[in-house]
Amino acid sequence: MRDSIYLAWRYLRHHRAKTLLLVLSLSLFLGLPLVMRAMSHATQQSLVSRAESTPLLLGKKGSSLDLVVEALYFHLKDVEPISGADVDAMQATGLALGIPIRTGLSARNFPLVGTSLDYFPFRGLRIAAGRELAIMGECVLGAEAAETLGLGPGDALLTSPSTLFDLAGVYPLKLHVIGVLERSYGPDDEAVFVDLKTAWVGEGLGHGHQDVARAGPDVVLKRQGGTVTANAKLVQYNEVTESNLDSFHFHGDRSTYPVTAVIVVPHDEKAGVLLRGRFIDAPTRQLLRPAQVVDSLNKQIFRFERVLQIVVWTVGLATALMFVLVMVLSWRLRAEELRTMTRLGCSRWKAAQIMGAEIAIMVGASIALAAILGIVMAQYGETWIQNLILRGS
Amino acid sequence: MLGYIGRAVISLVDVQFDYPHGGFSLDVAQLTVPSGTRAAAIGPSGSGKTTLLNLISGIERPGSGEVTTTGVRVDRLSSAARRSFRITTIGFVFQEFLLLEYLDALDNILYPYRLHPELHLDASVRSRAQRLASDLGLAKLLDRHPSELSQGERQRVAIARALVTAPKLILADEPTGNLDPATKKQALDLLFEQCDARSTTLLMVTHDHGLLEQFAQVVDLEALGTAEV
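In order, the protein sequence lines correspond to chains F and E. Using the numbering used here, the letters of the first sequence correspond one by one to residues 42 to 434. Using the numbering used here, the letters of the second sequence correspond one by one to residues 1181 to 1409.
Among the clues, some could well be false.
Said to hold, decoys possible - Heads up, simulated SDA-like pairs for lysine to any residue below, C-alpha to C-alpha not over 25 Å straight-line:
| id | chain 1 | residue 1 | chain 2 | residue 2 |
| --- | --- | --- | --- | --- |
| 1 | F | K59 | F | W372 |
| 2 | F | K59 | E | N1234 |
| 3 | E | K1320 | F | H55 |
| 4 | F | K59 | E | R1324 |
As the list claims (entries may be wrong) - Simulated DEER-style distance windows between Cβ atoms:
| id | chain 1 | residue 1 | chain 2 | residue 2 | range |
| --- | --- | --- | --- | --- | --- |
| 5 | F | S371 | E | V1193 | 41 to 47 Å |
| 6 | F | L379 | E | G1357 | 43 to 49 Å |
| 7 | F | R373 | E | R1378 | 35 to 41 Å |
| 8 | E | S1259 | F | W425 | 53 to 59 Å |
| 9 | F | M363 | E | D1360 | 30 to 36 Å |
| 10 | F | L349 | E | Y1199 | 55 to 61 Å |
Please keep in mind that the hints were generated in silico from the structure rather than gathered at the bench. Since this is a predicted model, take the numbers as computed values, not measurements. A virtual CB, placed ideally from N, CA and C, is assigned to each residue, including glycine.
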């Protein structure tokens, strides 16, 4: 047997390009199901863990999936907002903690998320560098956003205008980066966090400008009692600083300002049941359990995975047939060698053993390669795929 | 080996052979090649020279008659026994050399030892192969693959492969057919020298009648008989 393995090895080594191609094809065939399983598992884990850690979510009635995807994973879905009053109302129930989530804007392609300070301990997010949000105009970056943008505490970041050609639209707001979060391998890594008021300022619902009372006559159009009407020369601030912080203000009733959703953290199980009962027949609001929504999504993914499995097995069969074809053609090309072996006195069994050893070495190498791939995927696959999901989002 | 000197190493009596699907047949009433002899088999193409070598080595079995090689009735052996007999008793040299490109010269020489469990590849065999290679002027070429060797060098590797098992009989099928005259002479001289040194019987198929005077016996397939030169 040792001689057969030696001859097989020498043959495969001499034809290394062909051998490598066959081994890689077989490895892919064997490793693909492992990679797929790891991908599917990681995707589901990523979705499930986030959803399961969010007890309830309050939002506008409509697509529950869109609401979950936007509020939990920050994939912008143009979900109709609820209002600041809903946040206050939830707090007023005394049954739960309400954490507002305002999405919609972005900063250099990373989602801008307006929320309260409660969000960070709720998600278990810790500051890796810098400090927490303290005043308006500040932002804290997710680890991936910070790494990709190359930003850290002390740097600045502009919000992206929602419409490039909207000249009457909202000016970008310059945000001060005051902290970077530890990596959490979730959607938070790609977010730019600001407090709710900053998010509203970014949307143009609040603003800061030069004090009109002290403005010169070239700026004032009309003074009527306590009301001063200014013209376009009035300096508008696109950055919150210590000196202009007090000039930032909101017009109108803040309780009507938009909030994408409210993460509802009931104080106990009973409180959760009571709250759900209150919203069963709510005409314009829905209080849903994200885990339930993701579970139904996972069932769809599982169905898709089964279809993919069929595709993989079909490709695998084609690969196996190709392998057999290559081997048969190779043996035909080696007919002279086989004839020489026979003429010298080699038995058919020995010849088959040599050919078998060639197949065994290639299959063995492919299994080893696929196993390494499987082990690597098991070890790091989840992280890579979560990163992939994040980057692809 | 000494036991065969003066005795017949090859003996065919009333042999009749037909290929199952072809019209070719070979009849040999009597053929004897004594031990230690250099014999040549001649005849036009299609006269059955290669078939004769196949019958002697047991690659083919006659329809009738007796084929005795080195004292063994080859025609009576099973297929497995004939293979075993062939690889341990006979060395082959082919016109096309039939070396394996994926093996270097040394591995090509040792190739028979990789093919049959009755041949054991050990240090003494390796050292014999090295000596043989050195005798044939191949000492510095042992790590080269056939494509890196000249025609003459390849034929010398093929001769070394035929001799490495210390066979009692060498069957050479037009071994110089692909060589230029100078290389041909060198290869033949080496083959004769090695066979003589080991008292190995040589039966060589050739078309080159100019070589016949170097053989003690000539087997003319066309005449279906033997003639002493």
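Checked hints:
1. Our distance criterion of 25 Å between C-alpha atoms is met by K59 (chain F) and W372 (chain F), whose separation comes to about 14 Å.
2. Under the criterion of a C-alpha separation no larger than 25 Å, the hint pairing K59 (chain F) with N1234 (chain E) is inconsistent with the structure, at around 35 Å.
3. A C-alpha spacing of about 21 Å is found between K1320 (chain E) and H55 (chain F), which places the hinted pair at or below 25 Å, so the restraint holds.
4. Taken as a hint, the K59 (chain F) and R1324 (chain E) pair is honoured in the structure, with Cα atoms around 21 Å apart against an allowance of 25 Å.
5. The hinted window of 41 to 47 Å between S371 (chain F) and V1193 (chain E) holds, with their beta carbons roughly 44 Å apart.
6. Between L379 (chain F) and G1357 (chain E) the Cβ separation comes to about 22 Å, which falls outside the hinted range of 43 to 49 Å.
7. With their beta carbons about 38 Å apart, R373 (chain F) and R1378 (chain E) fall inside the hinted range of 35 to 41 Å.
8. At about 57 Å, the beta-carbon gap between S1259 (chain E) and W425 (chain F) stays in the expected band of 53 to 59 Å.
9. Separation of M363 (chain F) from D1360 (chain E) is about 44 Å and departs from the stated range, judged on CB atoms against 30 to 36 Å.
10. As the Cβ distance of L349 (chain F) to Y1199 (chain E) is approximately 56 Å, the hint placing it in 55 to 61 Å holds.
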